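The listed protein sequences correspond, in order, to chains A and B.
Residue 1 is where the first sequence starts when you use my numbering, and the numbers rise one by one after that.
Residue 1 is where the second sequence starts when you use my numbering, and the numbers rise one by one after that.
Worth flagging that the hints you see were computed from the coordinates, not collected in a lab.
Check the hints yourself; a few may be wrong.
Stated by the list, open to error - Here are the in silico distance ranges between beta carbons for each label pair:
id	chain 1	residue 1	chain 2	residue 2	range
1	A	15	B	233	41 to 49 Å
2	B	209	A	113	50 to 58 Å
3	B	246	A	91	57 to 65 Å
4	B	188	A	139	24 to 32 Å
5	A	30	B	272	49 to 57 Å
6	B	51	A	127	28 to 36 Å
7	B	257	A	10	15 to 23 Å
8	B	79	A	19	44 to 52 Å
9	A	6	B	272	21 to 29 Å
Unchecked claim - Derived EDC-like pairs: lysine to aspartate or glutamate, alpha-carbon spacing no greater than 20 Å straight-line:
id	chain 1	residue 1	chain 2	residue 2
10	B	44	A	91
11	A	56	A	116
12	B	246	B	156
13	B	222	B	269
14	B	268	B	218
15	B	44	A	29
Unchecked claim - Residues of chain A placed beyond 10 Å of chain B at every Cβ, according to the derived structure:
id	residue
16	24
17	115
18	152
Since we're looking at a predicted model, the values are computed, not measured.
Glycine is no exception: its CB is placed at the ideal position from the N, C-alpha and C atoms.
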Amino acid sequence: MEELISLTANLGIPFLIIVIALITGSMIERRHYRSIDQREKKLGHIPLLNSKKYPKEDTVIDSRFVSGSVVISYDYFKRFLAGLRQIFGGEVKSYVSLIDRGRREAILRLKAKCPDADLIVNLRVETSSISKGKRKRSIGSVEVFAYGTALLYSKT
Amino acid sequence: MERRFCTQKRETFFNGPNYNLMKIVHKRPEATADVSSARGTAGKEFWQLVLYAVVLLIALYFIIGFMVDFVVSRISFETEAKIFKHYKLPEVTPRTPENVNHLKKAAAILETLRTSKKVPPLPYHLILIDTEESNAFAFPGGTVGITTGLVEKLNDEIKIAFVIGHELGHFHNRDHLVGLGRAAGFGIVSAILLDTGFGTKSFRNIIEFVLQRSYSQDREKKADQFGLELVYSLYGKVKGTDHLFKILHEEKKMPEWAYMFSTHPSPKERISSLEKYALELIGNKDI
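Please take these sequences and the hints and turn them into a complete structure.
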């Protein structure tokens, strides 16, 4: 009986956690991507430039510093896949979507702050990882911070 | 001449090096800029990695097993005794005077059993382990441990002789050394290779577990067979050898299917295979 209990504790519980993480993680990711798609369509009319100079289409009447940031955490399923990847090498596909979601979400949040802007210039995207504690028990998440300058034309 | 400027889709157009001439053309992307190659591939990634890992672990398991078997086969019983000379387990003083008697009796039986040529020459030593559970152990170097719970339940010489004979079978088959080597080998390899994150360790455990069980159950049956043969050669009878298993079967802590996950076969299975060995050994006599 003890054997059975320790077996359940050692093998069953991590397995269950990974399965739960798989279900919730993919649900959240699917929903997030759906929302990203919608908002990208909605805010797609604001052009983004990463250059400091910009075409003088009109007189700029206002300019603001705008930023958007997001912190996204991995789930245990993603971490499990990344852990296995560490043995064989190759692209850590389970983390790619994490970074992709982060970047797009940060830019969308930036755009959402200036929905009437005509142009956003000097756009920069910074990524940093947030982890705390020792390697084994670390909390892993990625922060993406996007910032730029929003311009408003006079529209004469 | 047309030059390829960028492989990525352009949404903004540059009309030359002069930024002032630059013109932005609003263009709605037909689809969202999906740069992620991971979208929707988690399932494929999962199965691919799990398959690789399973293959790797099974290969490692057999390589380590083969290496350990090779090394153990080169270690003589004399060397084993020398290596584990200072490996001493804490001894337990028997709680009741009956236990003292039981232990004396068991020690005497061990002395009888070791006279057999089949029993490997090791400095045997019997110790008592203070627990209610019925169990016996073979420790490297020739130490046989029996629990007080077992000593209390077994009152007949044959019954105790079989239990000790079973443990001597482990010494004969070098199961304790092999077990130690395998655990150490697999432990080291997985610590280096697989301790890379949450879940990978328990994944390794599952694989090791599945492989280890069938191996271990097979070893236990072989030790049972050795014990039976030993008892028969010294006492001339086998009646009562399965007594312990009958007790265990009656106590029945686990459902029958759960023994699939145990290091030992189920008592029921052990009784039936004992009967089979006994039949082979002494023919169609009363067992």
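Hint check:
| no. | hint | verdict |
| --- | --- | --- |
| 1 | 15/A - 233/B: 41 to 49 Å | holds, 47 Å |
| 2 | 209/B - 113/A: 50 to 58 Å | holds, 53 Å |
| 3 | 246/B - 91/A: 57 to 65 Å | holds, 59 Å |
| 4 | 188/B - 139/A: 24 to 32 Å | holds, 29 Å |
| 5 | 30/A - 272/B: 49 to 57 Å | holds, 53 Å |
| 6 | 51/B - 127/A: 28 to 36 Å | holds, 32 Å |
| 7 | 257/B - 10/A: 15 to 23 Å | holds, 19 Å |
| 8 | 79/B - 19/A: 44 to 52 Å | holds, 48 Å |
| 9 | 6/A - 272/B: 21 to 29 Å | holds, 28 Å |
| 10 | 44/B - 91/A | holds, 13 Å |
| 11 | 56/A - 116/A | holds, 18 Å |
| 12 | 246/B - 156/B | holds, 14 Å |
| 13 | 222/B - 269/B | holds, 13 Å |
| 14 | 268/B - 218/B | holds, 15 Å |
| 15 | 44/B - 29/A | holds, 16 Å |
| 16 | 24 | holds, 13 Å |
| 17 | 115 | holds, 15 Å |
| 18 | 152 | holds, 15 Å |
Comparing the model with each numbered hint stated earlier shows that all of them hold.
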